[in-house]
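A.B. asks: Okay, here's what each chain looks like letter by letter:
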Amino acid sequence: MADASRFWGRLRKNPEVLLGLVVVLAWIVVVIFAPLLAPYDPLQQNVSDRLQPPNDVYLLGTDELGRDILSRVLYGARITIPAGLVVIVVNTVIGWLIGAIAGFAGGAWDEAMMRTTELFMAFPTIILAMAITAALGPDIRNAVIALVIVRWTDYARLTRGLIIQAKTTEYVEAARSLGAGNIYLLFRTLLPNSVAPVLVYGSLDIGNAILLFAGLSFLGLGPEPSSPEWGRMISVGVSFFDQWWMWLSPGLAVASFVMAFNFIGDGLRDMLDPRSAT
Amino acid sequence: MPFYKYILRRFLFAIPLVLGITVIAFLIANAVPADPINANLPQNALGNERLVNAFREKWGLDEPLHIQYLVYLGNLVRGDMGESIKTRNPVASDLRQFLPATIELASFSIVVGLVMGIGFGVISAVWRRSFHDYAVRVFALIGVSFPVFLLALIGLSLFHAQLGWFSGPGRLGFLTPKPPHITGLYTIDSLLTGRWSTFRDALSHLILPSLVLGSYVAGIITRITRSSLLDVLGTDYVRTARSKGQIEPLVVMRHALSNALIPVVTMLGVLYGNLLAGAVLIEAIFAWPGIGRYAFRASTSQDFPAIMGVSMLIAFIYVVANFVVDFLYFFLDPRIRYT
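Note that the protein sequences, when read in sequence, are chains A and B.
Counting with the working numbering, you get residues 1 to 278 for the letters of the first sequence.
Counting with the working numbering, you get residues 1001 to 1339 for the letters of the second sequence.
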């Protein structure tokens, strides 16, 4: 109880965390209730109302085929956000496995795996993802696969550090002396003791994954053009540059999501860093 | 450690990295597409048996994988990165043509980011917990988290289309002739040849995209400068400088800042690599004819060899940039010389 009130007190000193949480919660509500919230069908074309600026009938205006932009942005949350989530979940699993094996095995294994992560990090994330998506053929699934391939490195490095630290603790020693094998140690002893920081890192990384996914889709490497996916809407909107409402709304949707996660991450770091309290 | 030994050592570290980059690029090019011939040749060449066989021959596609890699590496060393499907030119010559524009944009952006970032970071650290500090921290948070492509669109719409403060897309206006090719950087070439109106035009086209691209760098550098300067300002030698009666601006500028900037320099190589990657979206929006827009056009037309070429080039530049940082580091941090 005392802990909760102290946490609440700190939260109030870091309003950006609160702001970020509210925005993320709002988007979760949108993902679940998009059909109830959207005033129109996101795919319904209404050519007589095309390229309308925001007005009373179409709150955020209409696009080049007269589709309601508000409805498209709301439905778009159902594509972009789950895509980002899938990327993060798979990243966490793969990154944890690679990092854990490297940290646990040590020696040549560790060396080889860490040099490989460094190589991947030398490539610019978005361009490597572009290359892989282009090679596989552009669609949502392949964009997600590409992001999974290029983004596991941070997770592997984080996990490796945690495992190396945990490996020397007494409870691991104890388990080993009771005859626990490597697989048992890795999954029953070390996994529960190293997974929390990785999950925290992953949950704060969702914003970045979504930014990259929207970026790929902006470059034409995601869903097909009629899809109400945010990045795709922006790229279509850019060809109607003077009709700013076409690119601004989906752009702000991406921005609000990415910034919310950055705000939360940043505030949490401040709250947990004892130096910042002074 | 003497200078030559230090540099040689860093250089030897870079070699396996460069080789590794080629291995990854090779694996993606060969393992990921269902059929490398399909991915690398234009549609209308696929039916032409002679072209397909020539391609197979050139890249050793009938050989086992490790031989294929050696063939690939051999071609690469000769500067052969394959042919772009879209432009029909060798990728290497396309890259040579488009690289200077990107270098100009990225270098200008990193200067913008450094000036803004260090300036704001110093203000924020010196007047800690003041209104200025708070404002700078909000700026930094927004700078690192606001998507650059949206910033580019808003900037272009507001400062070019609405207010007309800066020139819009492209490197030069329609009527301005290109400066003679010396370095390929229009601002520098026009200065070297004394073409002032061209210089002004090139500069006014450069400002908006550099501000957008530099804002992200500025956010990061602001944060590093602030925290590192705060650490240094609490050290004994700064207290000594103050107790000698040194005036505060001199303490900050001469004693504290020179050491506080070491972490900033460390980050420069990584940031330059990030800038080149961020340039893909910015160049696409600003119609900036660099390798980023080349990659963008390649990706919309599934021009696989071209994208692979860009990604490898940027990875190499990243390695070189970090090598240059190591080089600078030797002079900035005397501790290296004595270990």
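Treat the hints with caution; some may be incorrect.
Reference listing, derived: stretches of chain A covered by chain B, where coverage requires no fewer than 3 residues with Cβ under 8 Å from a Cβ of chain B [said to hold, decoys possible]:
id, stretch
1, 9 to 18
2, 26 to 35
3, 72 to 78
4, 126 to 135
5, 213 to 224
Far from chain B, some chain A residues (derived; all Cβ distances over 10 Å) [said to hold, decoys possible]:
id, residue
6, V86
7, A122
8, V238
In short, the hints are calculated from the structure, not lab data.
None of the values given here were measured: they were computed from a predicted structure.
Where is the CB? At the ideal position from N, CA and C, for every residue including glycine.
A.B. asks: When the structure is checked against the list of hints, which entries are broken? Sort them ascending.
C.D. replies: 1, 2, 3, 7, 8
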